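Start from the sequences, fold in the hints, and give me the full structure.
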Amino acid sequence: MSALEFINVSKNFGGVQALEGFGLALAQGELVTLLGPSGCGKTTALRIAAGFETSDSGSIVVNSTDIAARPAHQRHMGMVFQSYSLFPHLNVRDNVSFGLRVRGIHSDERRKRAEEMLDLVRLSDLGHRMPHQISGGQQQRVALARALATEPHVLLLDEPLSALDAKIRVEVRDEIRRLNRDLGVTTLFVTHDQDEAMSISDRICVMNNGVIEQVGSPRDVYNNPSSSFVAHFVGSINTLHKGNTRILIRPENLVLTTHDENAQWRGVITDITFVGAFTKISLRLENDDTPISVLAISAQIDNSITIGLNIGINEAAQ
Amino acid sequence: MRTPLQRFRIPTRFRPVGLLPFFSFVALFLLWPAVSLFRLALQPTKNSEISAIHEAITGQYLESFIYTIKLSLLTALLGVLFGSLLAASVLRIQRPKWFRHFMTSFTGVAANLGGIPLAFAFIAALGTQGLITKLIDSFGINLADTGFRISNFAGITIVYLYFQIPLMFLIMVPAFDGLRATWAESAASLGAAPWQYWRHIGLPLLTPALLGGFLLLFSNAFSAYATAYALSSGGARLVPVQIRFFLQGNTITGKDNLGYALAAWMIIIMFITMTGYLIIRRRAEKWQQ
Numbered sequence: 001m002s003a004l005e006f007i008n009v010s011k012n013f014g015g016v017q018a019l020e021g022f023g024l025a026l027a028q029g030e031l032v033t034l035l036g037p038s039g040c041g042k043t044t045a046l047r048i049a050a051g052f053e054t055s056d057s058g059s060i061v062v063n064s065t066d067i068a069a070r071p072a073h074q075r076h077m078g079m080v081f082q083s084y085s086l087f088p089h090l091n092v093r094d095n096v097s098f099g100l101r102v103r104g105i106h107s108d109e110r111r112k113r114a115e116e117m118l119d120l121v122r123l124s125d126l127g128h129r130m131p132h133q134i135s136g137g138q139q140q141r142v143a144l145a146r147a148l149a150t151e152p153h154v155l156l157l158d159e160p161l162s163a164l165d166a167k168i169r170v171e172v173r174d175e176i177r178r179l180n181r182d183l184g185v186t187t188l189f190v191t192h193d194q195d196e197a198m199s200i201s202d203r204i205c206v207m208n209n210g211v212i213e214q215v216g217s218p219r220d221v222y223n224n225p226s227s228s229f230v231a232h233f234v235g236s237i238n239t240l241h242k243g244n245t246r247i248l249i250r251p252e253n254l255v256l257t258t259h260d261e262n263a264q265w266r267g268v269i270t271d272i273t274f275v276g277a278f279t280k281i282s283l284r285l286e287n288d289d290t291p292i293s294v295l296a297i298s299a300q301i302d303n304s305i306t307i308g309l310n311i312g313i314n315e316a317a318q
Numbered sequence: 319m320r321t322p323l324q325r326f327r328i329p330t331r332f333r334p335v336g337l338l339p340f341f342s343f344v345a346l347f348l349l350w351p352a353v354s355l356f357r358l359a360l361q362p363t364k365n366s367e368i369s370a371i372h373e374a375i376t377g378q379y380l381e382s383f384i385y386t387i388k389l390s391l392l393t394a395l396l397g398v399l400f401g402s403l404l405a406a407s408v409l410r411i412q413r414p415k416w417f418r419h420f421m422t423s424f425t426g427v428a429a430n431l432g433g434i435p436l437a438f439a440f441i442a443a444l445g446t447q448g449l450i451t452k453l454i455d456s457f458g459i460n461l462a463d464t465g466f467r468i469s470n471f472a473g474i475t476i477v478y479l480y481f482q483i484p485l486m487f488l489i490m491v492p493a494f495d496g497l498r499a500t501w502a503e504s505a506a507s508l509g510a511a512p513w514q515y516w517r518h519i520g521l522p523l524l525t526p527a528l529l530g531g532f533l534l535l536f537s538n539a540f541s542a543y544a545t546a547y548a549l550s551s552g553g554a555r556l557v558p559v560q561i562r563f564f565l566q567g568n569t570i571t572g573k574d575n576l577g578y579a580l581a582a583w584m585i586i587i588m589f590i591t592m593t594g595y596l597i598i599r600r601r602a603e604k605w606q607q
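Those sequence lines, one after another, are chains A and B. Just so you know, the first sequence maps onto residues 1 to 318 in this note's numbering. Just so you know, the second sequence maps onto residues 319 to 607 in this note's numbering.
FYI, nobody ran anything at the bench for these hints, they're computed from the structure. On a predicted model such as this, the values are computed, not experimentally measured, just so you know. Glycine is no exception: its CB is placed at the ideal position from the N, C-alpha and C atoms. It is possible that some hints are incorrect.
[Said to hold, decoys possible] Facing chain B, a subset of chain A residues (Cβ under 8 Å, in silico):
#, residue
1, Phe13
2, Ala50
3, Ala72
4, His73
5, His76
6, Met79
7, Phe81
8, Phe87
9, Gly99
10, Val102
11, Arg103
12, Arg146
13, Leu148
14, Thr150
15, Tyr222
Here you go:
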């Protein structure tokens, strides 16, 4: 039994097909990411699950019940937005316990539960603060605690890390993954950032133009992309020719060689970018000027590799 | 070496000099008139034991204040109610897009249309010989028989609402706009029915604008003068109209400082209202950032 299932969901916005025959099932406790460029329909799918948009056709099934006709407040979904969206006139504790308040739960019980949730996101000493008195990362963790306080069927996250700076983004991302594992809450995560999707998901659902391109584990999507779109959108990839066959190779699956006269391809180095443990080397192929890139371990790059050097390129042994 | 910014900066001890024009203005046009007003208001009037400021809240003057405050409260309350409802309903209309701009421009004009032109427009519509009065008359209803006069309490209330409702509309449009859609969505996903969202989130967030708007509308009505004067041909019992009698010298000799005392009380009431308004704004600004 799926915790959340989209069955053949379609949505058209004034002539634009935002979703077409969208079908996806999330197992209990699973974290699935909807990944795709902006306008691919990922947020629409999430908003349809939350009940903020109605689908033109199809069903949304939660624990064997079709909830497509239910209003948002009767769906029992936890939602976290990019913009945190804490209620600005309520302190952190009252924000977290809001869902319990509207359910008519007694104030002592609410307070206890809010403290537990704040403990869970490691903000127990900030309960009395107002949202504007805490940082963006802390606000987003409060939003997570608020969404989880009512023990929702599914946690829906709409680009929750996009407004945070790089270091905090990783912290909150790990926090989300930890909460998903510890609480076993089924999570649907929307992002356009492939690194984010790779590092957090059990499965990734790559979308384009309102349809699903591929669903699979991060490793699967990266290593065995089902289409050229997926290959190009998830990670970077080079298009090369082997005889008359066009092949797609990841930059880390190519190696440079200075002494192999019979290298598969030859090219001229146009740029060298040091990115810590790895170095990205950009080249132009000798025969057809195609730009490609090779990702090499920095320790293996010596001083002889310079811009303008004509060098051999081979496919790495798998 | 000093940075360019430091070189052109006015030394700290001379900095208050820059505020001199402002303080001179305040002293000349606000403080000095107010102080002399209160000084004169505190003196007793002719043949009277009590000070003018005391006498100004007795008898017919007290009635004037009660009448003015009642009118201001009523028009402010109705203005808040209908102005807010109007703003909420206009914002719900997404299309055509020009509609909202039209309403904002229209209310902008209406909120500032007051005084004698407005009074005459209403006299032409609802006066004893007014267009609407005659129209209603043709259906067999005599407006005068119902006790309605454009110059009495009900009449002045209707005319005041013509600028009070648009003013509240202009205050509430940005306030409603300030309510983020994601707050309503967050509340819904947390299980709040629409009425619970309004009860716990929407209304509390709008309260500063509603209260501030109420106080602004109150002072707007309280200090309005020309409209009421023209409507009643000077007969209205409003405090600003009463002050005019004293300004014209159209009163018993030796009672001049009663006019100052009435003005002094107006300043006191306006001061209290505006202080309330500022406190509400300050409180709201804490989280409106």
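Structure-based check of each hint:
| no. | hint | result |
| --- | --- | --- |
| 1 | Phe13 | violated (14 Å) |
| 2 | Ala50 | holds (6 Å) |
| 3 | Ala72 | holds (4 Å) |
| 4 | His73 | holds (5 Å) |
| 5 | His76 | holds (7 Å) |
| 6 | Met79 | holds (4 Å) |
| 7 | Phe81 | holds (5 Å) |
| 8 | Phe87 | holds (6 Å) |
| 9 | Gly99 | holds (4 Å) |
| 10 | Val102 | holds (4 Å) |
| 11 | Arg103 | holds (6 Å) |
| 12 | Arg146 | holds (7 Å) |
| 13 | Leu148 | violated (11 Å) |
| 14 | Thr150 | holds (6 Å) |
| 15 | Tyr222 | violated (32 Å) |
Hints 1, 13, 15, counting from the list given before, are not met by this structure.
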